[in-house]
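Visitor: Produce the complete structure using the sequences and hints provided.
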Amino acid sequence: MSQTLLTVSDLSVHFARRRLNPLKPRELVRAVDGVSFALSRGTVLGIVGESGSGKTTVARAILRLVPITYGHVRIEDIDIARLQGEELRCMRRRLQYVFQDPYSSLNPRVRAGAIVRAPLDVMDIGAPSQREARVVELFEAVGLRPEQRSLFPHQFSGGQRQRINIARALAPEPELLICDEPVSALDVAIRAQILNLLRRLQRERGIGLLFISHDMAVVRHMADEVAVMYLGQIVERAPRKAFFARALHPYSVALLSAVPTVRGGRRRAARRIRLTGDPPSPIDPPPGCRFAPRCPVAEARCRARMPELREASAGRWVRCHLVCADRAPLQAPPSAAAHSET
Amino acid sequence: MTTERPPLLQIDGLSVDFEGGGRRARVLNGVSLKVGAGETLGIVGESGCGKSMTAVAILRLIPSPPGRIAAGRILFGGEDLTRVSDARIRDVRGHRIAMIFQEPMTSLNPVLTVGDQIGEVLIRHLRLGPKAARERSLRLLEAVGIPAPEQRIDVYPHQLSGGMRQRVMIAAAIACEPSLLIADEPTTALDVTVQAQIFDLLRELQSKTGMGLILITHDMGAIAEMADRVAVMYAGRIVEEGATQSILDAPQHPYTRGLVACVPDLDAADGDAEAPLAEIAGVVPSVWELRSGCPFADRCPEVIDVCRHEMPQRTSVTPAHHVACWCRGGPAA
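Chain order of the listed sequences is R and Y.
Heads up, the first sequence stops at 384 in my numbering, and the numbers go up one at a time, no gaps.
Heads up, the second sequence stops at 348 in my numbering, and the numbers go up one at a time, no gaps.
Treat the hints as calculated values from the structure; they're not laboratory data.
Treat the hints loosely; a few may be bogus.
With beta-carbon atoms standing in for the labels, derived distance ranges [stated by the list, open to error]: (1) Y:Y171 with R:R308: 31 to 41 angstroms; (2) Y:E94 with R:R245: 54 to 64 angstroms; (3) Y:D264 with R:A312: 13 to 23 angstroms; (4) Y:L76 with R:D163: 45 to 55 angstroms; (5) R:G357 with Y:A265: 34 to 44 angstroms.
Derived list of chain Y stretches under chain R, where covered just means 3 residues or more per stretch with a C-beta under 8 angstroms from a C-beta of chain R [what the hints assert, rightly or not]: (6) 171-180; (7) 201-211; (8) 228-237; (9) 268-281; (10) 292-306.
Glycine residues also receive a C-beta, built at the ideal position from the N, C-alpha and C atoms.
Guide: Right, dumping it as structure tokens:
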């Protein structure tokens, strides 16, 4: 395995809610609660979860865009959580971010070329005379024509705008790129173009990629390792192949079975594991396992005591009392592919 | 099944024009569709292909001006909805044909309680009194799977989660037991586990009441799960139409094939997960810039000369599977 680039340990981000009743204690939103993972240089970690699971907050905490309540975020040996001022600014050169919405993340009054050039100027990268050549190179790398540098964002389609965002993120040659739902705002047919581009650039340049998505199929396509989040915590972390061959945590199993597939069709829908209700609120999470209220196989101990994230078998981490070795307590319905072979 | 009896809804050659700045754009071009009772028709395509426009045209909700129905008929219950009076279409809307939208937050009125919004439909169409409407609303909330309806009926939309809001919208839509429900991307804003619940609910309602369903989506997986038949739209036209299995197993139009292939599939073999995804190059053309010929020609991997000059006619692959492509199908149907 190559060397570790990013280490997140016991990361927590809590937000205090505005006090509505001055006599009551402030309520805490536990958006991220004790998240730990590591990302090796040049690999892709996919974080998957439903809305409100805290996946975006993890990304924003790594970039110090939200205050970290406690825990550590290390790039190699430097703890980002402790950096201040100029040191933090210099560190940001090594981490870049591509946001979900390609429309609102570009300044409508700035030409595309200047947008991509801005990080070079701000961080003083390369000689000023060579920066324009670097912008041309970046435009070509993301599949835009260099003469499009003089256009404004509104003159581009959604997919092209996301390409501009990617070019800007790549400009300072980051070691870690964080993409938060980079294709969710794009049309289906455009998504494939952007996913292929990201994967190619990531491989060619050996960038570490933290890829955040709610879409299991997209994560399977992009990631080397998968982390599933539920209500502020990682409930399962595993290498991609092992995870998609057989997920262990009941939530992962249910989430996978909920995805409609072209081949699965109605047969898959009929066999689906049905979760009732919505995720509970992160303001006052249940005392035991956070998934217990919706879990089809929960027992008394699940509701009483929070399970730890533990290594169930080599490289596979699960937060569930009921997983022993690598046996999943909740069986996935047989896949359509397996069915058609029989 | 639908060939013997007249279908619930039949659209013939529907065209819709928008005018602005001295120009005219044809946003729907000769759309023909039918939906039978108890049947689910899926409409797929990228944004801007006319999926939602078809839905709002059925309910005559096209903003006019600048839009207008330029040609075609929409036959529903023995009437042509393009010709009936405004008063008549208001009786049909929300009563015989109901619609649910993608974003439940913006389509519910934030200053009315859940009970008021469902009750409004019942009072308007079924002439129920306030008490009876409330009773009926409670039963509807229960039917769409909202726990503790007695408490939820008096809350405002912002107090509910996205999935609950979508259930409220479905409750209001089915309040008068419509014979046709149009669902425009009903689960796009929802999580997959909640999407599964909403799909279950729609299927259950359909099997109970035999209502027809038009499901508009861009998700081929959702189509595979829900639809009996599929219409694929591109640039205001239907480019392929047929039984779901037939379209997914053997898509004929290059656009349909692209749509099926460009999405990563959880069921794909593991080796396939590493290969690059198939791409559809380029973007949907603007309706203002459509030229003669097949609108997909500029993005099509199989384009030939004739595609750029002349629009292909609809041809039959099988009696129940039609495609509009120069490179496909048998003789013109």
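Visitor: Tell me, in ascending order, the numbers of any earlier hints that this structure violates.
Guide: none
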